[in-house]
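*Asks:* Take the given structure of chain F and dock chain E to it, following the hints.
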Amino acid sequence: MTQPWVGRRLPRREDPELLTGGGRFIGDLVRPGMLHAVFLRSPFPHARITSNDTSRAHGVPGVHAVLTAADFPEGLGAQPCNHMFHGQRETPYFALVRDRARYVGEPVAVVVAESPHVAEDAREEIEVEWEELPAVGSAVRALAADAPLLYDDWPDNVAATFDAQMGDVDRALEEADVLVTQRFSLQRLFACPLEGRGAFAEWDVHRDELTLWTSTQIPHIARDFLSEVLGMPEHRIRVLVPRVGGAFGAKFHFYPEEVAVSLAARATGRPVRWLEDRLESFVSTVHAREQEINATIAATSDGVITAVDAEIVGDMGAALHTVSYGPVWLTSVMMTNAYLIPNARVKTRAVVTNKTPLGSFRGWGQPQANFAVERLVDCLAQELGMDATDVRRRNFVPPDRFPYKSLHHVFDSGRYAECLDRALEVLDYRGWREKQDELRAQGRHIGIGVTFYVENTALGPSRLLNQGGVVAGGYDIGHVRVETGGEVIVYTGLCEMGQGFTNGLAQVCADALNVDPATVTVVTGDTHACPVTGYGTGASRSATVGGAAVMKAAGVVREKVRAIAGHMLEASVDDIEAGDGRLWVKGSPSRFVTMADVGRAAYLRPIELPEGMDPGLEAVEVFDPPQMAWPYGVNAAVVEVDVETGEVGFLDWVHVHDCGTMLNPMIVEGQLHGGIAQGIGMALFEELPYTEDGQPLAGTFMDYVLPTAAEVPRMRLEHQTTLSPIIPGGTKGIGEAGAIGSPSAVVAAIEDALRPFGARIAEMPVTPEKVLALVGKLPLEALAGAAQEQAV
Amino acid sequence: MKPAPFEYEAPHTVDETLALLAEAPGDTSLLAGGQSLVPLLNLRLARPALIVDLNGVAELAGIGASNGSVRIGAMTRQRAAETNTAVCERLPLLAEALQHVAHVPIRTRGTVGGSLVHADPAAELPAVALALEARLALRGVSGERTVAADEFFLGPFTTAREADELLVAVDFPVPPPGTGWAFNELTRVHGAFALVGVAALLHANSNGRIDLARVVVFGVGAVPYAPSWLADVALGEVPGEALFARVVERMRESIDPPDDTHGSSQYRREIAGVFTARALATAARRASLEVGP
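If you read the protein sequences in the order shown, they are chains F and E.
Under this note's numbering, think of the first position of the first sequence as 1, with each following residue one higher.
Under this note's numbering, think of the first position of the second sequence as 1, with each following residue one higher.
Just chain F, same shape as in the assembly (with noise of 0.2 Å):
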């Protein structure tokens, strides 16, 4: 047996191609005829359309069509959600806007041209004429008693409220010895994938069939989707993704432009695409992020915690988009962390305002309850002088006490005690504690923030996703199948948007059919080849519930493969034995047989095939997670602050986690840089600020900061591995890890920093300014939500 491929730091086979610019996207791709779409966009946060004349528009030169809402079919559908929760009200919006915007960036019509410039020229034609509405641009704004209403049959604007309970939190409150509140502010921003949106329809009038290529990563909930609003069924569309240049969850959302730009290419008889510019990527793409956390947790004087109290209300923007207010829902049964608190409590409300829908991002609703707990573990060291990485050692959930019932989820696994004390020792905390203290003696102002994230991964399983209110369910079926030449393709219903999980497939299968990855292929992107995913691609489920499908999958045509060589062999098939592609029989090596000769056999010489076995070597297999799988980690950040000027820069960055078994243990770590990269985005550049009204207040790469390479430190990553018992192979995702527990580890460190002149930070991002009034030099009424706290 040779080492086994799984866990290898194999190149990603597809960077050769991306590197040298050879990866084709839906702004390379081309079709005989095609035309441009673009769209024009709702300038209000409400309002009424009360005229919309398009015929100028039609007139100009090179436009082939001009759609609004009027030209599209009667009975189109409104976009469908796949979340559809206990008691949610319904948010309808359809492909364009019927006959109110409840946004800026909503789309109003279509355009389309022999090329995108004359397109823009036309879209400047059409003359819309609006009755502005009294619109709400903040949720606490929404909630006042006397706001204006988004729907106008709602007693208010609150879509849907949530509560989550465990224990007995009043007597909790009642007999700790401390209670620590805060107030948090989590800003809104977006994925912001660098490769923006893009669909590119073409509709065969002959056939009636519609092919839709679309940066997503949910192409069969697309189709799907696609099928409920134009009436059409599934076996007549077919959605193909190309190379996705980054999605990370606000592309697993279903948006009006792939079915206008479907209707468009009917129109018009003509292949149309639309590619999403920067412009208005800022406002049509899903928004992510933004809640208000008020919370209380309980302690005992010496640390452990006994109770968290907690109210979210989540700003939605104008509606319910794909995944409804999941993002909102999933802080609320994460406000425990990985920490064993018997009794908790949190009221949820998500609330719609005139802003661009929200959506997925790396994490969902997952660094918002981290930097609300995280934080709140921080204060109470504060107040009981500990040491805040002894308070959380105290309340971890032990090694012991799994699987854990948390507020709402089953944990699987972990030694998170263990994890964070490496942490501790290779970032040298002591040191750093050490050297803290010199320099603050010379007026420098470093900080160590250390903080714990556990992470949501292998969504599933099927019925508590269903039971939880989700369409789609949560199993992966994988489709393996032997070629003549003895080389493996893998269908997956999974997407490949850059994150390079298909190279870990490939491991997982290579293993199971011994055989090199490199003679493996694996397609995704094809609703007509490959077979569905219960969800989608998402919640960091493809290597765990994708993988474990594929080795399902692989096993059974391993098992024909087996019997077949054991036939060819003149054996028995317990004597096959196998490594690199061949097959022999046990103590004689040198007689073997290939998987091309096995590959031969089941599909051109069946006469070499065991009596009574059919042709053909592939298998479809189903795996449906019993549980969910739960990775988790320490990001320990350390921080030096510029007290004149604001500026925050690192010093280093220890990441140690463990995800169960790693397939690549590269891609693992570029997922881990990816996220914390975002992570650090969100805790000191991102934020999409909105005026009480509705007026969006970025709208380009001037206003919208992402960090770049310069303001990314180095991180020092360390894996531990402890296997999930719930998912064969023992793998844990990754996929969202780094984002969620980053943002409050940069917090805690700037907050250490700054710990000489009692600054609080409960909110994001951490501007030079906000650091400015922190340290007293600028008046704080600049700084949102100021801490409360009470000892009793």
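It should be emphasised that the hints constitute simulated quantities derived from the structure, not laboratory data.
Since the model is a prediction, treat every value here as computed from it, not as a measurement.
All residues carry an ideal CB built from backbone N, CA and C; glycine is no exception.
Please note that the accuracy of each hint is not assured.
Claimed, not checked - Short, incomplete list of chain F residues facing chain E, as computed with Cβ under 10 Å:
1) Val-38
2) Ser-115
3) His-117
4) Val-118
5) Leu-279
6) Glu-280
7) Glu-644
8) Thr-645
9) Glu-687
10) Pro-689
11) Phe-701
12) Ala-709
13) Glu-711
14) Thr-767
Said to hold, decoys possible - Among the chain F residues that face chain E by a calculated CB cut under 10 Å, a handful are:
15) Asp-277
16) Glu-647
17) Thr-700
*Replies:* Coordinates of chain E only, in the frame set by chain F:
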């Protein structure tokens, strides 16, 4: 994000260019490196009727050093200036400032003249031109005139250049030997527009008294601010903490910076002071000046 229709001309000589400009409609844009104009076109914030592309006018690019000054052709790429020996040796302030202009790929296209004529209040080169007391050579069909930097920048994106004139070159006088310099700016991330920036020069005579002091702050108003009072405050004085503190305080009092999402007026004022102090300290150190109390 595609430009509105425009006419396009690509002359090969300065004379051809001037002839075109003499006939051109009022809303004509000159295309140099395109690092500001092209985004504005794509956003349709700029909608010129005619674009005159200067990239084929070879005589506009080049750097020449003569007695006491360095002349930089308007179409010289920022990266070429940044890496030019004469610039690095004789105008270290300019060389250092250029490293703060966006990123290398952008400087490889962007031109020295383009940035000056664009006159973005947050740009580095106008501030450096003021600090070095550069002279800008403007040519029209009727001849050439020279405009001092402090008369060139009139407002945001507004200069003394007439519509039918072309900036052909910029003369940067070389400061006396031993002049200390400093350049710094605060950006949210590397290469982004400056919230506040400072360029400074400092020189003292053999008696240790300051005989050249220039501080220009930018990003804090419509045009870079080069305080006229600095000469009164600093010249003839011995460098010292108290003197520098007076300059900082007066600087903060003299400016009224704008607000935006990256920083309030008050924040910019605070930083302008911090950076002025740091720039004076750095320039003094580079001029080998002892800074007293």
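*Asks:* Work down the list of hints and note, for each, if the structure agrees.
*Replies:* Right, here's what the structure says about each hint:
no. : hint    : verdict
1   : Val-38  : 8 Å, holds
2   : Ser-115 : 8 Å, holds
3   : His-117 : 4 Å, holds
4   : Val-118 : 9 Å, holds
5   : Leu-279 : 6 Å, holds
6   : Glu-280 : 8 Å, holds
7   : Glu-644 : 5 Å, holds
8   : Thr-645 : 6 Å, holds
9   : Glu-687 : 8 Å, holds
10  : Pro-689 : 6 Å, holds
11  : Phe-701 : 8 Å, holds
12  : Ala-709 : 8 Å, holds
13  : Glu-711 : 5 Å, holds
14  : Thr-767 : 7 Å, holds
15  : Asp-277 : 4 Å, holds
16  : Glu-647 : 7 Å, holds
17  : Thr-700 : 8 Å, holds
Taken one by one, the earlier hints all hold for this structure without exception.
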